[in-house]
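Chains A and B, in that order, give the protein sequences. Anchor point for the first sequence: position 68 equals 68 in my numbering, and the numbering is continuous, going up by one each time. Anchor point for the second sequence: position 28 equals 167 in my numbering, and the numbering is continuous, going up by one each time.
What the hints contain is simulated information worked out from the structure, not anything from laboratory work. There may be inaccurate statements among the hints.
A few chain A residues that don't get close to chain B, going by computed Cβ distances all over 10 Å [to be verified]:
(1) P8
(2) D53
(3) R62
(4) A88
(5) P96
(6) D115
(7) D127
Pairs of lysine-lysine, DSBU-like flavour, derived with a Cα cap of 35 Å [claimed, not checked]:
(8) B:K332 to B:K369
(9) B:K369 to A:K80
(10) B:K364 to A:K124
(11) B:K364 to B:K187
(12) B:K500 to B:K369
(13) B:K389 to A:K77
(14) B:K389 to A:K110
(15) A:K60 to B:K500
(16) B:K332 to A:K77
(17) B:K187 to A:K26
(18) B:K332 to A:K113
(19) B:K389 to A:K48
(20) A:K110 to A:K26
(21) B:K318 to B:K403
(22) B:K187 to A:K113
Covered, in the sense of this in silico footprint (three residues per stretch, anywhere, with C-beta under 8 Å from a C-beta of chain A), are these stretches of chain B [unchecked claim]:
(23) 268-280
(24) 363-369
(25) 429-442
Just so we're clear, the structure is a prediction, and the values are computed from it rather than from any experiment. For every residue, glycine included, the Cβ atom is placed at its ideal position computed from N, Cα and C.
Next come the chains, spelled out residue by residue.
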Amino acid sequence: MEIDRPLPNPMTPEAKPYWEGLKAQKLMLPKCNACGHVFWYPRVACPKCQTRDIGWVQSKGRGTLHSFEIGHQSFNKAFKVPVPYVLAMVELAEGPRMLSNLINIEPDPKKIKCDMPVEVVFQKLTDDVTLPLFQPAGR
Amino acid sequence: MPNLRDLSNVACIVGVDESDEMGTLPNKSQLSLHVEAVTNAVRDAGLKMSDVDGIFTAGQHSPATIGEALGITPRYVDGTTVGGCSFIIMVGHAVAALHHGLCDVAVISHGESGRSQVGVSPRRDTAIPGQYETLYGFGPAPTVFGLITVRHMHQYGTTLEQWAQVAVSTRKWAALNPKALRKEPITVEDVLKARPVVWPFTVLNICLVTDAGGAVVLTRADRAKDCAKKPVYVRGLGEGTEHVSLTQMKDLTFSEATRISGDKAFRMAGVGPTDFQHIMLYDAFTSGPPIMLESLGIAKRGEGVRYFEEGRSTPGGSLPINTNGGGLSYTHTGMYGIFPIIEAARQLRGECGARQVPNLKTSLVNGMGGMLSAAGTLVLSNDNAR
Chain A
1 MEIDRPLPNP MTPEAKPYWE GLKAQKLMLP KCNACGHVFW YPRVACPKCQ TRDIGWVQSK
61 GRGTLHSFEI GHQSFNKAFK VPVPYVLAMV ELAEGPRMLS NLINIEPDPK KIKCDMPVEV
121 VFQKLTDDVT LPLFQPAGR
Chain B
140 MPNLRDLSNV ACIVGVDESD EMGTLPNKSQ LSLHVEAVTN AVRDAGLKMS DVDGIFTAGQ
200 HSPATIGEAL GITPRYVDGT TVGGCSFIIM VGHAVAALHH GLCDVAVISH GESGRSQVGV
260 SPRRDTAIPG QYETLYGFGP APTVFGLITV RHMHQYGTTL EQWAQVAVST RKWAALNPKA
320 LRKEPITVED VLKARPVVWP FTVLNICLVT DAGGAVVLTR ADRAKDCAKK PVYVRGLGEG
380 TEHVSLTQMK DLTFSEATRI SGDKAFRMAG VGPTDFQHIM LYDAFTSGPP IMLESLGIAK
440 RGEGVRYFEE GRSTPGGSLP INTNGGGLSY THTGMYGIFP IIEAARQLRG ECGARQVPNL
500 KTSLVNGMGG MLSAAGTLVL SNDNAR
């Protein structure tokens with residue numbers, strides 16, 4: 001399959017469990033072992049209590065579409081996903097928000113609503129890189 | 140105990156100017172735009188370059204590079220780079236440095252070859268966008284600020300027609316500014332039907348991309364009286380940052396950085412959010428100024444856009460906003476923050492001709508860095524009353 005997106009570069013050490021999890025079709029999120037805060041993106045200290053004791057939990061992969069846009073052009077030579085495409089901010093049921101794409105829906109602002117339920121779908125790009133994309137829930 | 144109000148009115152803006160030209164300038168390097176702007180602003184102040192002993196700049200060139208290019212050896216430098224509002228924040232840093240005698244004449248310099256990219260180093264992704272953003276098509280500002288905009292529409296029912304009114308109002312001001320790049324009148328319909336870039340934005344919802352420089356000169360109030368032009372007092376100042384990645388912003392429809400910077404500036408100046416006759420806001424997108432009015436407490440949540448819709452912001456309106464024509468129609472290099480300061484100073488001096496705001500005493504400058512990530516606020520006045 002043609003690689004239609006820029007690959008992550010660098011993949012940082014603190015994010016390794018995230019990228020490793022995706023290869024096994026698991027969306028892993030960092031979680032503070034001290035205060036229980038589940039956060040995004042991976043860091044070596046908890047952004048809520050600053051404790052440097054971070055574990056990982058598997059997300060259920062469900063959430064809501066917090067906000068979105070429709071891309072009518074590519075802004076990066078390496079991003080070759082056909083236009084129009086949906087840029088998405090997803091609020092996961094575990095709390096944190098992440099950026100992704102909403103797929104398997106018509107890229108029409110009349111058909112896409114903020115706060116609609118969404119679920120993760122995994123898209124393998126290379127042996128090292130699988131991405132968490134999202135689609136309308138229960139599709 | 141330190142008192143914020145001790146810094147109020149201790150220093151003045153005494154010189155402002157842009158580069159010799161603005162627009163598409165493939166024959167000028169970014170560094171040349173800095174040098175043009177600084178030499179012009181120092182001349183505007185009636186000072187000599189050898190008087191300058193503090194250099195403040197943000198972006199790709201360090202203050203040392205600017206000093207060297209100008210042929211001066213500063214004894215105070217600041218290169219705080221938190222996005223386009225950095226220059227607004229630096230007015231505050233310069234006031235503090237001047238007050239304590241760390242320098243006597245401060246220059247804040249901006250130069251950016253935003254359109255032609257002459258003498259610009261290529262941008263590199265850092266670890267965070269490279270792993271969590273660019274993979275999905277996110278990148279330039281419109282792909283991020285649209286998320287803020289769409290969430291605001293969802294929560295408050297704001298419409299594309301309302302955002303378009305911001306572009307229409309700002310263009311009316313541009314028509315009165317000889318230095319503005321785009322002066323032809325536009326309608327709400329024009330904005331809605333322009334080329335779609337990333338929904339909810341057409342190209343007319345997004346700022347220009349230009350090559351230009353701008354500079355601001357400050358000195359202590361006692362010395363300001365001897366400069367060439369009427370001094371503009373820095374009565375209040377504030378700064379703040381909240382996030383860089385948009386996923387870390389608590390509420391997409393409200394800028395905490397803007398609120399923090401505004402509260403501090405208003406408290407120092409001893410003014411309330413409604414005490415201004417003129418406002419300059421950082422308009423990289425049509426939705427920016429309304430959300431800034433809300434975050435500053437000038438408008439109620441969800442109602443900032445009414446200032447534009449009801450004509451208060453326009454020429455002849457009760458609260459003129461972005462009287463230079465803004466980033467939307469006058470110029471926008473990439474880090475726009477120096478230009479609203481220049482316009483506010485000119486308005487307070489009474490130099491603005493057809494676009495002059497009458498009987499102006501107090502002006503507000505507020506700008507963002509990144510996507511409402513950082514903010515700077517200034518309360519400027521043409522007298523030293525408090």
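Taking the earlier hints as the rules, which of them does this structure contradict?
Numbers 1, 4, 5, 6, 8, 9, 10, 15, 17, 22, 24 and 25, in rising order.
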